[in-house]
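Student: Using the sequences plus the hints, can you model the full thing?
Residue numbers (the numbering used here), protein chains in the order written: chain A, 1 to 330; chain B, 1001 to 1189.
Wrong hints could be hidden among the right ones.
[Unchecked claim] Here are the simulated lysine to aspartate or glutamate pairs, EDC-like style, with alpha carbons at most 20 Å apart: (1) Lys1019/B to Asp1171/B; (2) Lys41/A to Asp1105/B; (3) Lys46/A to Asp1135/B; (4) Lys46/A to Asp75/A; (5) Lys88/A to Glu57/A; (6) Lys40/A to Asp1047/B; (7) Lys1164/B to Glu1041/B; (8) Lys242/A to Asp289/A; (9) Lys40/A to Asp1135/B; (10) Lys268/A to Glu227/A; (11) Lys1164/B to Asp1045/B; (12) Lys268/A to Asp289/A; (13) Lys1164/B to Glu1029/B; (14) Lys41/A to Glu66/A; (15) Lys41/A to Asp1107/B; (16) Lys268/A to Asp226/A; (17) Lys40/A to Asp75/A; (18) Lys40/A to Asp1105/B; (19) Lys242/A to Glu56/A; (20) Lys87/A to Glu57/A; (21) Lys41/A to Asp1135/B; (22) Lys88/A to Glu56/A; (23) Lys268/A to Asp233/A; (24) Lys70/A to Glu1038/B.
Just so you know, the hints here were simulated from the structure itself, not pulled from any lab data.
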Amino acid sequence: MITSIKGENLLTLADVSRNAILEVLDTAEAFVEVNQRSIKKVPTLKGRVVASLFFEESTRTRLSFETAAKRLSADVLSLAVASSSVKKGESLRDTITTIDALGIDAVVLRHQSSGAPMQVSRIVPHVRVINAGDGQNQHPTQGLLDVFSVRQVLAERANTTGVESGASLFEGLNVLIVGDIRHSRVARSDIAAYAALGATVRVAAPGTLLPTDLEGWPVEVVTNLDEALAGADVVGVLRLQKERGTGHLVPSLDEFTRFYGLTQERVKLLRPTAIITHPGPMNRGVEIDSLVADMPAAIIERQVSNGVPIRMAVLYLTIAGSSNQGAISV
Amino acid sequence: MSDQLHRPAHPREAVFLSKSQPLDSRDVERAVRRMAHEVVERNQDIDRLIVIGLQTGGVSFAQSLADVLEEIGDTTVARGVLDVAFYRDDLALRPISPSAATSIDVDLTDRTVLLVDDVLYTGRTIRAALNALSDWGRPRAVQLAVMVDRGHRELPIRPDYVGKNLPTSRDEAIVATMDGVQIGTWSTS
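Tutor: What follows is the structure, encoded as structure tokens:
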């Protein structure tokens, strides 16, 4: 169990304690304030180098990680995989050791293979590794920014602040995650984060889109979606991942939408206070109706803007918390 | 926060063992009142002043100082709070505690900033604060008020207003609040 990510890698949320998650959320609150200043930059990571390695396409995650690093005054090495030696067949190990030879403090890694960040952390143990999504395994910063966004909304409603409320607003909270659980790294990180903070997590998906082995997951599988929606405080809608081969697992997109999509009819079942999240990019009209995505209950834009402070907090804690200058903690 | 270099990694688990109390709450109050008078003496236009407390130890002193300034000057004094955690040069050397947030709602250009902290020690917190202030504009002047100056400066920084000069050794710790000033040590056992 990881009790703090200070000076550590962030590979998964599966074994991260409640206090470690709260530490990231509370640190991110301080960075929200930095992002509201007219000069949105602090010198915290001046002279540190962050390599951003995205072996899989991404818009929001890559841009928000790089924005976060730049707002902390770190230098960013951004590898465009499509135009790099990876295309000539260079192995992950060789790419990493080459970049490490340039002198880096951290790697932000997105990879199509589950476990790639763990592998990289063994190749360069002196470099902090931050998982920006690996295959179907984990997407820790997405999980963190989802619980951060939900806590923010709940705290605003309760007239308190996120830092003051700690994990208390998650007690008894019913979270329902709907869609392609099987292929979703976001689902795995979300489930871990919500469960660690004390929420009850349920999942709903067609049998073919459930993981084959749910043993040990802190979740309950829902068979009646409409009933579960009526009792949910938070509905996490997942993207149907056509690129990971959902095609043969779903008879047709229309059928998926009819039975598991968050349609306008289904939204009527929700409590008026329910919060809808989506990690993006959305397939409007498939897993979420276009008008539903633009409702005030859907906090999708808030999730995107919270991506920067959450990633600033993760970079700050993992990099600044490590004493690579030989300094000792006092 | 200036004496945090001597605090253990988990301040909440550490116990402060007090050896002596050079100032009690009434002494502290008197010192704040005297410093406020000195501030008024040096700054004719306290409407243009903004009192900024440094997180976390300087905040309560800044509040009291601003209260007294308002009382003496019969006017309102702008206030702010600054957390310098993101501006420090010794990040890896100290526990991370940045959740105490910054709040400065005005442009500092052409205003006089009165920085307030509890204990002035190495001067590194103040250096970080001076760097941070430049993100909010270009103040006409920056002045520094501290409740305790304990010496051992590592940078060319001196306070304009001092509650009490307390020569200390490096292995002593000082805790200064509105309830009084104590010299002692932090114990983790």
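Student: Is it true that the CA of Lys242/A sits at most 20 Å from the CA of Asp289/A?
Tutor: Roughly 17 Å separates the two Cα atoms, so the pair holds.
Student: With the threshold set at 20 Å, check whether the alpha-carbon distance from Lys41/A to Asp1135/B stays at or below it.
Tutor: Status holds; Cα separation ~8 Å.
Student: So if I understand the rule, the pair passes when the alpha-carbon distance is 20 Å or less; does Lys268/A with Asp233/A pass?
Tutor: 14 Å, holds
Student: Holds or violated: Lys46/A with Asp75/A, Cα cutoff 20 Å?
Tutor: 8 Å, holds
Student: Keeping to a limit of 20 Å between CA atoms, is the pair of Lys46/A and Asp1135/B held or broken?
Tutor: 16 Å, holds
Student: Taking only the CA atoms, is the gap from Lys40/A to Asp1105/B under or equal to 20 Å?
Tutor: Within the cut-off at roughly 15 Å; holds.
Student: Quickly compare the C-alpha distance for Lys88/A and Glu57/A to 20 Å and report which way the hint goes.
Tutor: Given pair Lys88/A, Glu57/A holds - Cα atoms ~18 Å apart, limit 20 Å.
Student: Is the Cα-Cα distance between Lys1164/B and Glu1029/B 20 Å or less?
Tutor: 12 Å, holds
Student: For a C-alpha distance cap of 20 Å, please report whether Lys41/A and Asp1105/B respect it.
Tutor: Answer holds: Lys41/A to Asp1105/B is near 17 Å, not above 20 Å.
Student: Verify the proposed pairing of Lys41/A with Glu66/A, using a straight-line Cα cut of 20 Å.
Tutor: 13 Å, holds
Student: Checking one constraint from the list: CA of Lys242/A to CA of Glu56/A, max 20 Å. Satisfied?
Tutor: 14 Å, holds
Student: Would the hint linking Lys1164/B and Asp1045/B be met if the CA-CA limit is 20 Å?
Tutor: The hint is violated at about 26 Å.
The structure fails hints 6, 11, 24 (numbered hints given earlier, in ascending order).
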